[in-house]
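Once you've looked at the hints, dock chain B against the given chain A.
Same order as they appear, the protein sequences are chains A and B.
Residue 1 is where the first sequence starts when you use the UniProt record's numbering, and the numbers rise one by one after that.
Residue 1 is where the second sequence starts when you use the UniProt record's numbering, and the numbers rise one by one after that.
The hints are simulated quantities; they were obtained by calculation from the structure and are not laboratory data.
What you are looking at is a predicted structure, and each value in this text was computed from that prediction instead of being measured.
Please note that the accuracy of each hint is not assured.
When chains are identical, the list treats them as one kind, so a pair holds in a single copy or across two.
Unchecked claim - Mimicking DSBU-like on lysine-lysine, the simulated pairs with C-alpha atoms at most 30 Å apart in a straight line are:
| id | residue 1 | residue 2 |
| --- | --- | --- |
| 1 | Lys198 | Lys299 |
| 2 | Lys227 | Lys310 |
| 3 | Lys379 | Lys197 |
| 4 | Lys525 | Lys379 |
| 5 | Lys346 | Lys379 |
| 6 | Lys33 | Lys346 |
| 7 | Lys346 | Lys307 |
| 8 | Lys423 | Lys353 |
| 9 | Lys408 | Lys372 |
2 protein chains.
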Amino acid sequence: MATAQVMYDFTAEPGNNELTVREGEILTIINQKVGGGWIEVQNSSGGCGLVPEDYIEICTKPHSPESTNKTNTQVSNGNNAWSGGGTYNNPMEHTQHNTAEDDDGEWDEEWDDFRATGNQGDTPVEEEGGATGRNTHLHRKLTLNKFAFSKAPNPEVYLLAKLPPKGIDRLPIYMGDVGPVWLYPEAPVDCVVADPKKGSKMYGLKSYIEYQVIPNMTNRPVNHRYKHFDWLYERLLEKFGCAIPIPSLPDKQVTGRFEEEFIKMRMERLQGWMCRMCRHPVISKSEVFQLFLTYNDEKDWKTGKRKAEKDECVGPLIFSTIDPESPELDPIEVEQKCELYSKFIKAMDDGVKDLLNVGNVHWKRCTGPLPKEYQKIGKAFQNLSSVFVTSGYQGETTLTDALTAAGKTYEEIAEMVAEQPRKDLHFLMETNHEYKGLLGSFHDTIALHKAATEKVREGDRMVLAGKITTPEKVTMAKRTSIMSYSLQAEMNHFHSNRIYDYNRVMQYYLEEQIRFYETITEKLKIALGQFATL
Amino acid sequence: MATAQVMYDFTAEPGNNELTVREGEILTIINQKVGGGWIEVQNSSGGCGLVPEDYIEICTKPHSPESTNKTNTQVSNGNNAWSGGGTYNNPMEHTQHNTAEDDDGEWDEEWDDFRATGNQGDTPVEEEGGATGRNTHLHRKLTLNKFAFSKAPNPEVYLLAKLPPKGIDRLPIYMGDVGPVWLYPEAPVDCVVADPKKGSKMYGLKSYIEYQVIPNMTNRPVNHRYKHFDWLYERLLEKFGCAIPIPSLPDKQVTGRFEEEFIKMRMERLQGWMCRMCRHPVISKSEVFQLFLTYNDEKDWKTGKRKAEKDECVGPLIFSTIDPESPELDPIEVEQKCELYSKFIKAMDDGVKDLLNVGNVHWKRCTGPLPKEYQKIGKAFQNLSSVFVTSGYQGETTLTDALTAAGKTYEEIAEMVAEQPRKDLHFLMETNHEYKGLLGSFHDTIALHKAATEKVREGDRMVLAGKITTPEKVTMAKRTSIMSYSLQAEMNHFHSNRIYDYNRVMQYYLEEQIRFYETITEKLKIALGQFATL
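So that you can see chain A by itself, here it is in the shape it has in the complex (with noise of 0.2 Å):
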C-alpha cells in the first residue's frame, strides 16, 4: 500500500465522508482514483476517509502512471506559494481523458469545443454524473491553490506587482451609510432558470438535460447544460474569487433520488445560484456574465467564452481595478474589521449547520414516525367506529359516522404532517444550505486579506531587512487598503443579502407554518360538527 505524509491540518466537514488529519500525519492510501481532487485514506487509528489531494504528498509510487503524474502535478502546485494565476491549464491532460472516461456519465457530459481549453478539473465526467459531487474543492484548489490551500495565502503578487494599466473596466467603491459598498446597478439583472429538457445526440447514444436562462434584459432564452453553469462558475471564481466569495454550484450529483426530482432539485438551485450571482452588482455587470444570460448564437457564444478564459485580469489582479472613492484607511482598524468578520462568518457558520441538523432531525420525524404515528390514531378511531357499528344498538349512527370522520381527519393529518417538510421546511433548509455554501466561500477572501494587512504589518521589518524598498512599502499599505475597502464592500453586500434573505424565508416558513396549522384546525372543527350535540 502506498502512505502520504499530511502537509497541512485538514478538518473534515461533517457528513461528507472527509477525514480530519493532521500535519505530519502518515496515512495508507485505499483509493486514489476517487477523482474530484480528493484521495481515499486510512489513518494510523484506522479511521478512512478523504482528503484533498493537496493537503498531503504520496511517499510510495502509486498504482498507475497517470495517477501518479496527476496527483504529483497537482501536490507540487499546493506546495507552491502564491504566485499569480494563469499558469494551471494543462490541456494534455483534458484531452486524455475526454477519451477514455466519457462514457461514465449517466448523461453524456462531453465538453465539445470546451475540451482544449483547460481549467475543467481533470475528469469531468465524474463530475457531472458520477456520485462523488465534491466539485467545489476541485474547483477551489485548481484555481486558488496558489494561495488558498497553503496555510498563509501570499498577496505579494498583488501587493507588489507592477499592474497593468488601469483599463475602462473598473469596479468602483463609495460610502454609503452603513460604510463602503459597491455601486449597484440602477436596473438589477435577474434571470429565470426553467423548462429543464433532455437532449441526445450521437444518434441518442448520449444523453444530457439542457435548460432554458431567461434573464429579464432580454427576456431571450438561452440554452445551457449543467456543464456551461459550471464553466462560468470556474471563470467567475478565477477573476473575482480573491475579492468576491462565489459559492459553489449545486451539488453535481443528489444520490438516490428519482430522475425526475433530481432534476427539479437541481434546477432550483441553478436557480438560486444564478440569483444570487445575478444580485451582486459586480458578477452580475460582467463581461462573461453578460455573456453566459445573452449570447446571440453558437459563434457568439464561442468567440465570448474565449475571451473570457484569455482574460489575465484575474485571481489577485481584479483589486487593481477596484477604485475606492475614500483615502486610505487605517491599518489598525482595518485589522479589526478583518477580524470581525472572520468571527462572524464562523459565528453564522456554526449557526447556520445547527439550523441545518435540527432542520434535518425534524424532517426526518415528520416525514417518518410523526405521520405514522397519527395514521394510528386514525385508524384506531376508524377501528373502534366499526366495531360500534355491529352493537346492532339503534342510535349508534352518528356516533360511529363522526367516529369515523375523525380517524379519517387524523389520516390526512398524517398526510398532511409527512407533506409539511416539502412546503416550509424545504425552503428554510435550501436557503441555509445556500448559505452554508456562501460561507465556506469566504474563508479564502478572508485569508488573503489577512494575509494582506500582516504583510503592511512587516513592512518597516521588511525595509530594515533590505527585503523591499520603503516606496513599496507605501504601495503595499494603500493596495491593502483597497483590498480592505472591496472586503468592506463584500461584507455589507452580504450583510444586506442576509438580512433580505432570512427576513423572506422565516416569512415563508411561518406563512406556511400558519396554513398548516390552520388548516388542521379547520379540518377538526369539521371532523367535531359530526358529533352530536350533548
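Using the frame of chain A, we list chain B on its own:
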C-alpha cells in the same frame, strides 16, 4: 423449590407482570407471598410472572404454615363447583394478619371495625399501600370464584333452587325502544368526590387519605377512605356482579408518582368509578350504595354496613329479584344475542386496547422527543439571531428581534406540545382505560348467562336421563329467560352509556386539539408580524 400444577388455562394481561399458563403445566413457585391472590411462578421455559392462586395446585409443602393454609384454602375453593354465595368468610385469617402486616402500608390502612367481617382478602395492607395494585382479581376471585373461575360457570343454583319469596326490592325491566331496559330513576343520582385530606391516628404514627363524597340528593359530604370504596365495591360485586358487570376500582397504587399527583389521580378515578355507579339505575338505587352516599353518622354507617354484609340475596340469586314485564324469550334468539354481546365485548376490548397502545406511544412522543425538537428549532433561530446581532451592520434589529421572537415562539410551542397530552389525550385515555376495566368485567356476566342457556339446551336430555324433572326444565327455561332479559337490559344500558361517553370524550378531545392548534396558529401569527414587510 415448591412446584405447582396448572388447573385451568390462564391468559396473562399484557403489561401486568402476569404469566400465561396452560392446564396441566408444571410450574416452579418463586414467591407465594406476593399477596392479592397472586403467586409468582416460573414455567419450564424460564418465563416468570404472576398467576392467580386459584388456577394452580401446589404440589409440595410451601414455605410457611400460614401461607400453606391460605393457599390451600383458596385452591380448594377454586376447585369447588359453583354452589352459591356466602360461605367464603374466614374471620380468623383477617384477625391474624391485621396485627402482623399493618405497618407495611404507605398510609395506615387498618380496617378498623371492618376487621372481623371478612371479605377483605387477606392482605389489606399490601392492597392499599403495596406496589402490586392487583385488587381486581383478588376480589373477583374471592367473591365469584365459585363460578367465575371455574372453566364452565354453573348457574344451576339459581336455575333449580327453591327461591325465597319475592321481597319488596324488585328490579323491574321494561321493553323500551331498544329492547329490554332497566327502570331509570326520574332523578338520577350523582356525586362529587373531592377534597382529599391526609388524616392520621395513633398519635400521628399512621396516616391515611380521606375523600369527601358529596351526593346530589343531600348535598351533604360524607367522608370515605379508599378502603371504604373498596368495601362498597366488594358489596356491589357480591350482590350484583352476576347480573351487572361491576368495574374494578382504580388501581390501588400507581407507581413512580409523587404523592400529590397520585392522590389527585386516584381521586379522579374514584370520581369516575362513582359516576359510573351513580349512572346505573339498579346500583344507584340500591340500599348499600345509598348507605355509602348518605349515612348520617358512625353508628348509622356501622349498622348499614353490617346489614349489607348479612344480605343473602347475593350472587346469582339477584336474578330472583328481577321482574321482566314481557313473556318468555325464544331460547335461540337469546343464544344469538348472547353470542353477539360476547363478540362485541371482545371486539371492543381489542379496539380499546389498540387505542390505549397508540395513545401511549403518542403520549410518549408528545412529552419526549417532539418538544425537544421544537425547543431545538427555537434555540437554532435564537442562536442565529444572536450571531446576527454581532454583525455590526445597520438595520439589523428588526430581523434579529423577529428571529429571537420566532425562536421563543417555537420554545413555547415545545412547552405546549409537552403539556397537551395532559389536556386532551389524558381524558381520552382515562375513558378508554375505564372501558377496558368495564369490558373486562363483562366476561363473567356473559359466561354465566351462556352456561344457563347451555343448561336449557340440555334440558330434554337431562329430563330423559332422570337428572331433572320436566317442571324443573320449564323453570330453568323461564329463569334463563329472566337472566337474558337482565343481560339485554344491561347491554342496552352499556350501549347507551358507551355512546354518550364516546361522543363526549371525542368532542372533548377534538375541542382541546382545536384549541391547541388555534393557539399555535395565533402564536405563529404574532411571530410572523414581527418580521419586516418586504
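Taking the hints in turn, this is what the structure says about them:
| no. | hint | in the structure |
| --- | --- | --- |
| 1 | Lys198 to Lys299 | within (23 Å within a copy, 96 Å between copies) |
| 2 | Lys227 to Lys310 | within (19 Å within a copy, 97 Å between copies) |
| 3 | Lys379 to Lys197 | neither (43 Å within a copy, 42 Å between copies) |
| 4 | Lys525 to Lys379 | within (19 Å within a copy, 32 Å between copies) |
| 5 | Lys346 to Lys379 | between (48 Å within a copy, 18 Å between copies) |
| 6 | Lys33 to Lys346 | neither (32 Å within a copy, 66 Å between copies) |
| 7 | Lys346 to Lys307 | neither (37 Å within a copy, 84 Å between copies) |
| 8 | Lys423 to Lys353 | within (21 Å within a copy, 36 Å between copies) |
| 9 | Lys408 to Lys372 | both (13 Å within a copy, 28 Å between copies) |
Violated hints, listed in ascending order, are 3, 6 and 7; each of the other numbered hints is respected by the structure.
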